[in-house]
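There are 2 protein chains.
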Amino acid sequence: MSSKANAFYAQSGGVTSVINASACGVIETAREHRDVIAKVYAGRNGIIGALQEELIDTSKESKAAIRGLLQTPSGAFGSCRHKLKSLEKNRAEYERLIDVFRAHNIRYFFYNGGGDSADTCLKVSQLGESLGYPLQAIHVPKTIDNDLPHTDNSPGFGSVAKYVAISTREAALDVASMCASSTKVFILEVMGRHAGWIAAASGLAAEQEGDAPHVILFPEVAFDKKKFLARVEKSVKRFGYCVVVASEGAQTADGRFLSDMGTRDAFGHAQLGGLAPALAAMVKKELGYKYHWAVADYLQRAARHIASQTDLDQAYAVGEAAVKMAVAGKTAVMPAIVRGKGKRYSWRIGEAPLDEVANVEKKMPRNFISRDGFAITPAARDYLQPLIQGEAYPSYRQGLPRYVRMKNELVPRKLRKRFKVA
Amino acid sequence: MSSKANAFYAQSGGVTSVINASACGVIETAREHRDVIAKVYAGRNGIIGALQEELIDTSKESKAAIRGLLQTPSGAFGSCRHKLKSLEKNRAEYERLIDVFRAHNIRYFFYNGGGDSADTCLKVSQLGESLGYPLQAIHVPKTIDNDLPHTDNSPGFGSVAKYVAISTREAALDVASMCASSTKVFILEVMGRHAGWIAAASGLAAEQEGDAPHVILFPEVAFDKKKFLARVEKSVKRFGYCVVVASEGAQTADGRFLSDMGTRDAFGHAQLGGLAPALAAMVKKELGYKYHWAVADYLQRAARHIASQTDLDQAYAVGEAAVKMAVAGKTAVMPAIVRGKGKRYSWRIGEAPLDEVANVEKKMPRNFISRDGFAITPAARDYLQPLIQGEAYPSYRQGLPRYVRMKNELVPRKLRKRFKVA
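Order-wise, the sequence lines are chains Z and U.
Our numbering numbers the first residue of the first sequence as 40 and each following residue consecutively.
Our numbering numbers the first residue of the second sequence as 40 and each following residue consecutively.
Only chain Z is shown next, with the shape it has when bound in the complex (with noise of 0.2 angstroms):
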């Protein structure tokens, strides 16, 4: 079976509110099986870390502020957005990455991220057999974007979606109040660059007729400026005010994002303003109602205040089952979340090979839309209304959240060689 070494993990990508927690579920987990994984070494800024050999020395960080990381957001450790190359462009960053594993007698790899990292995590597995250094690489799925194939959801996006779906509420509650004579239309510009399951997110605030949000704007969608603005004009005649909630890969149907629709700033320079405020103006000139607009960007993802605990859960359970993976001998796997198919929401963690899952991007699937294209249908809310259920709320002090401070110490340098990355 396994052999006693150490551990690598890294965080991958955009970081969330909860891949701490993940973190946290690799770390705490591996320390129950010292007889297996000596010490797990985290990637200084992800896998930036490992190929510039800058490991940080998870054994140095005390059970507390270990135990920190579950309700502290973003990266503890530092994450980036680099992604390998194919092993035909650029072979030297896996040998790279082996020399560094092989210095630090570093056997097991988890790599906390979404599908570019799952792909990454399948190559280094397959990279390491064939270099007779073998390695048991396990993905620990993460992404805001919720977009991974083989698992019910991502860590990150429940928390997101609670955020989102909260945020939508109380706005709503403030343009209604003033929207006799203020305000009519309020626009929410939130993440999701190629799937709208964030803005999708929005939809669960309302309760009944006439609640926010009132139009949706998906990029599954083709914005048709025609349709939009007739909907908003109806709300605002029907209910008094309007609220739109855009994804920000919100795109015409000859794919041009709404975000890029020719601002200039007083230079000539494109691209200031993002799409809420594009819309607000579109708004302004055709219907002549009074806006205002948010754009929460990284506020959502950081929202650790309001996580959902149902998400969080969740992370802690895919880096806890991670490395019971890798003690059980399992490599190139993820874990997954599996929704149980009673009535009742429940989950538990199944496992999904990593050739399933590198480079797959899990669409809405279109059912989760209504028909006019501004709005989520039932079956978007069965789905989505169980992954934001409680709240995991942080301890504060002095009126503010707790969040850890890592000491973050380095291991020494075993190679001599330094290794550049591009």
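Please note that the accuracy of each hint is not assured.
Which copy is meant is left open, so a pair is good if it fits within one copy or across any two.
Said to hold, decoys possible - DSS-like cross-link-like pairs, simulated, lysine-lysine; straight-line CA separation at most 25 angstroms:
#1 K459 / K276
#2 K329 / K122
#3 K459 / K128
#4 K329 / K459
#5 K273 / K446
#6 K323 / K264
#7 K363 / K99
#8 K446 / K276
#9 K124 / K329
#10 K124 / K459
#11 K124 / K401
#12 K401 / K380
#13 K401 / K382
#14 K329 / K265
#15 K324 / K265
Hints are computed from structural coordinates only; laboratory data are not their basis.
With chain Z fixed as given, assemble chain U onto it according to the hints.
Just chain U now, kept in the frame of chain Z:
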């Protein structure tokens, strides 16, 4: 002393996440004094409701619904920005108010708002007197801008302050974890057109050297592009990233708002974006850093999910005290929050005469802003910190806050004359 009559309550101006707590304080306390106050009528959409004789009968609401106001953001009866002009310019409006009050036997007037409404409140009280219809007019303080005089702070501000401080801390962790290879500058735009109180509150997020926010832009300090850019660059070089919190009221020495820096849309129309995208573009152009920006807009003042318990308690207390003052026969006063002198924060409700409150704007003291103009001082921190203490979580159902819906039944009209609000 007081004779039994009805009361009128109205919400005025921009709403807050705890203004309904003041309504709750007014209504619950009035219900305890039924011998003096028969019913509380709420203005539908604020003072416009009084002018148009659209009075909501709050006695139709259940005890539970009224209690639910405590945890429901924004204005449950509607608000408006309608400001009564001077007596000389629009005597008709004041006379109409008295007519409506007389018709409905309203002898108590509770006006829940900022400086403008304090002024209206005072005038109504004076005019009633001169028209032979004496009213007791009590102002209930509320404003996220925290600019009311004679009160240590304004209900509504503490919760925005808490939201902004938490959001700054959270987003900063996101940037910090990615900055080595990605976004280096993050800009958060917050409210505060005339005073920097809200932007100042972001300073609470910093615990130690190097913590965000690294730059705060106050309306009180003239924007100096060169100094700003130098500060951003220094922060990026020293800490790897820079978090900027900018008040929407930030302006240049000649009084130009930074949010109006010549931005044009594709059609050449001005003022598309806000301040945040404008600053981001400046940073990109001059320093070349990758950036992200967020505009919190209504999200910050509607964020009941993370309201300050201190703020909530005070919002209720001023509502309660207003009724007690009325019952005690007082008029033309405002309950004020008085800070205790001890080292440990304490507060009690005092009383301020309206003629000293109306139309006076409390600016942020200069000694609350650091000499370089980009940070808060320890004095500011001492003042601000107690106001964000405690987490007043609402209850949840299916993962979302349970905000109440009022019936908002109107009292039958008594006047034959309609009134058109200009």
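Open item on the list: Could you work out which of the previously given hints the structure breaks and list their numbers from low to high?
Closed with: none
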